[in-house]
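2 protein chains.
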Amino acid sequence: MTGATFEEIAIVGIGLIGSSLARAAKETGAASKVSLYDRSEAVRDTASSLGLGDVSDSLAETCRSADCVLLCVPVGAIEETMRDIAPHLKPGAIMTDVGSVKESALNAMQAHCPAHVHLIPGHPIAGTEKSGPKAGFASLFRGAWHILTPIPQQDEAYNGAVDRLAAFWERLGARVEIMDAARHDRVLAITSHLPHLIAYNIVSTAYDMESVGEGEVVKYSAGGFRDFTRIAASDPTMWRDVFLNNKDAVLETLGRFSEDLAALQRAIRWGDGDMLMREFERARGIRKAIIEAGQDTDETNFGRNAPDKKD
Amino acid sequence: MTGATFEEIAIVGIGLIGSSLARAAKETGAASKVSLYDRSEAVRDTASSLGLGDVSDSLAETCRSADCVLLCVPVGAIEETMRDIAPHLKPGAIMTDVGSVKESALNAMQAHCPAHVHLIPGHPIAGTEKSGPKAGFASLFRGAWHILTPIPQQDEAYNGAVDRLAAFWERLGARVEIMDAARHDRVLAITSHLPHLIAYNIVSTAYDMESVGEGEVVKYSAGGFRDFTRIAASDPTMWRDVFLNNKDAVLETLGRFSEDLAALQRAIRWGDGDMLMREFERARGIRKAIIEAGQDTDETNFGRNAPDKKD
Ligand SMILES: NC(=O)c1ccc[n+]([C@@H]2O[C@H](COP(=O)([O-])OP(=O)(O)OC[C@H]3O[C@@H](n4cnc5c(N)ncnc54)[C@H](OP(=O)(O)O)[C@@H]3O)[C@@H](O)[C@H]2O)c1
Ligand SMILES: NC(=O)c1ccc[n+]([C@@H]2O[C@H](COP(=O)([O-])OP(=O)(O)OC[C@H]3O[C@@H](n4cnc5c(N)ncnc54)[C@H](OP(=O)(O)O)[C@@H]3O)[C@@H](O)[C@H]2O)c1
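If you're matching them up, the sequences are chains A and B in order.
Heads up, my numbering is the position in the first sequence plus 4, with the first residue counted as 1.
Heads up, my numbering is the position in the second sequence plus 4, with the first residue counted as 1.
Check before you lean on any hint, since a few could be wrong.
Here are the simulated distance ranges between beta carbons [claimed, not checked]:
1) A:52 - B:270: 37 to 45 Å
2) B:186 - A:219: 27 to 35 Å
3) A:33 - B:277: 38 to 46 Å
4) B:218 - A:33: 22 to 30 Å
5) B:136 - A:7: 48 to 56 Å
6) B:277 - A:64: 28 to 36 Å
Listed below are several chain A residues computed to face chain B (Cβ distance under 8 Å; list not exhaustive) [unchecked claim]:
7) 8
8) 152
9) 161
10) 230
11) 234
12) 235
13) 270
If you are wondering where the hints come from, they were derived from the structure by calculation, not from laboratory data.
Ideal placement from N, C-alpha and C gives every residue a C-beta, glycine not left out.
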């Protein structure tokens with residue numbers, strides 16, 4: 005594709021996602037100009053010295069002439085930030101976000117977004133356990149899904165804006181999917197939010213086992229525990245906001261999880277090996293499907309101790 | 005080190021661990037001769053064609069002249085296999101295993117092991133989600149801990165045998181730790197057994213969410229879920245045996261986990277963001293400790309989508 009998808013984009017919040025977006029937009033040429041704002045002066049300075057784009061210390065200036073404003077702050081900060089951005093948006097601009105919960109993000113943005121702007125929430129299914137502007141990289145979205153949750157039954161201009169925003173994300177290497185916000189929140193509750201909650205929880209449990217020292221937990225973590233610590237190292241603020249803002253779907257999913265766990269517990273208590281076998285065998289199938297769908301690597305142990313790595 | 009630690013070792017069970025042992029023993033010269041046996045003819049043929057050592061279709065012949073016999077079968081098969089091996093062990097030989105549970109493995113072996121043999125149970129904290137002789141590789145144990153759980157208060161000859169077995173594992177690249185069997189089982193319950201149980205369980209829960217299709221679970225698994233599916237792809241028989249044989253420690257740990265999870269659930273229900281922040285913040289610390297201890301890679305996302313990988 006030649007020519008930029010957007011003349012100018014504005015990125016508000018220069019963390020992992022915001023800084024990756026800036027890099028990707030520049031590298032792919034998806035935007036001719038990338039304007040950036042962060043509430044923190046230190047982060048703005050870092051962004052400048054990393055050459056991420058035109059960093060400004062005025063939110064108004066960053067957003068004023070943007071064709072598309074991408075809000076890249078934790079879900080709990082969306083409403084407040086949107087309120088500050090709203091007066092500066094130009095007519096016909098696209099307003100989007102990258103928040104991990106979509107119904108509350110939509111409501112928070114809708115409360116302040118002017119009518120002359122196309123509000124189209126979004127969520128990239130791409131990320132890492134690291135945060136901040138230095139953690140970002142241009143290829144983060146490549147091959148990943150990007151979910152857009154547009155407002156239903158809008159006019160033609162709106163639908164055109166959705167197409168343009170989709171084209172922008174595709175330009176960054178993402179595959180775009182359109183979904184209802186409430187459905188997004190139910191799907192992500194199981195594929196992302198519950199796994200993070202469980203990971204945080206098992207780390208807590210390990211911490212508090214007074215019969216096993218923390219040193220031993222660390223020392224023997226290669227037995228499986230360390231896999232959980234990766235996602236439990238994710239940004240606490242981001243995840244607090246996810247759980248507070250997707251409460252119903254997370255509690256529903258968690259209820260299912262606890263029921264299933266009680267059944268496994270019972271099988272262990274009563275020595276029901278057949279039940280354990282049945283459950284464990286199904287799990288292999290889903291791993292296979294994930295690898296076949298290109299959603300994970302089949303490298304042994306994520307490639308951490310594959311033969312070639314240590315030899 | 006020059007000269008082999010053992011003139012001849014016998015490996016019974018040529019799966020991931022057994023075949024890795026054979027490869028490592030040959031590559032490092034830790035044993036001059038590697039004899040192998042597996043109950044399955046197909047696996048014996050594979051082992052022969054992979055050149056893993058002297059494969060025999062007689063268990064008796066495999067063990068008869070071995071200085072050290074390494075039992076590499078699932079924990080639930082240890083007693084039966086030990087009974088078959090027992091009559092063929094030479095006086096002064098070392099009998100060990102690699103089972104993931106140690107108290108029951110000790111009891112199962114002790115029931116049949118002749119008095120003229122040094123019985124020293126062991127467990128390498130190294131493995132992958134793959135099984136079978138083709139999945140093994142020589143460097144599996146390199147840098148990993150190997151836990152030995154010798155029988156306490158034995159004679160000098162026994163202690164000498166423990167030293168020799170430790171030297172053998174160190175030769176393969178492992179770091180050896182001596183531990184009481186019951187303590188091993190409590191420590192591994194939290195660092196390995198519970199994580200696997202939780203991983204299996206979350207995959208089950210995802211399967212059964214009728215409001216979210218399996219296709220969507222697979223498609224959006226990059227949000228965190230896929231991290232769990234790796235260890236949930238581990239061998240079902242091995243893991244059934246682990247849970248049936250480490251019942252008390254697993255149930256105790258699981259009880260703690262469920263209590264902690266109930267507290268998080270409550271915090272979500274009542275919107276207690278401070279409690280969530282506190283819990284999530286501690287988790288980062290343990291990840292840091294694991295990386296500093298060299299027990300995991302700090303590569304972003306386990307290196308799966310690090311900048312260089314996809315660029
Ligand atoms: N990380 C992931 O894996 C991932 C994946 C998909 C979507 N997301 C979503 O992407 C968004 C950003 O996450 P991230 O990973 O980029 O986080 P991050 O690296 O921690 O960056 C967060 C950014 O938000 C800003 N911020 C935090 N609190 C704020 C507040 N109260 N008011 C204004 N700005 C505030 C931060 O400003 P400072 O510079 O002052 O700290 C920083 O610029 C979140 O909504 C998250 O749900 C994350
Ligand atoms: N995988 C890991 O991550 C890991 C890590 C540390 C310790 N361990 C321990 O290592 C041991 C072996 O695990 P692995 O990963 O090597 O498993 P694997 O690749 O599945 O191999 C298992 C081996 O045990 C044999 N076997 C299974 N059931 C048997 C029975 N009833 N009687 C006799 N032999 C039987 C198998 O024979 P066939 O060839 O006929 O199937 C095969 O040779 C287990 O005790 C496990 O707890 C595993």
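Review point. In ascending order, which of the hints set out earlier in this document are inconsistent with the structure?
Key: The structure breaks hints 2, 4, 7, 8, 9, 13; every other hint is satisfied.
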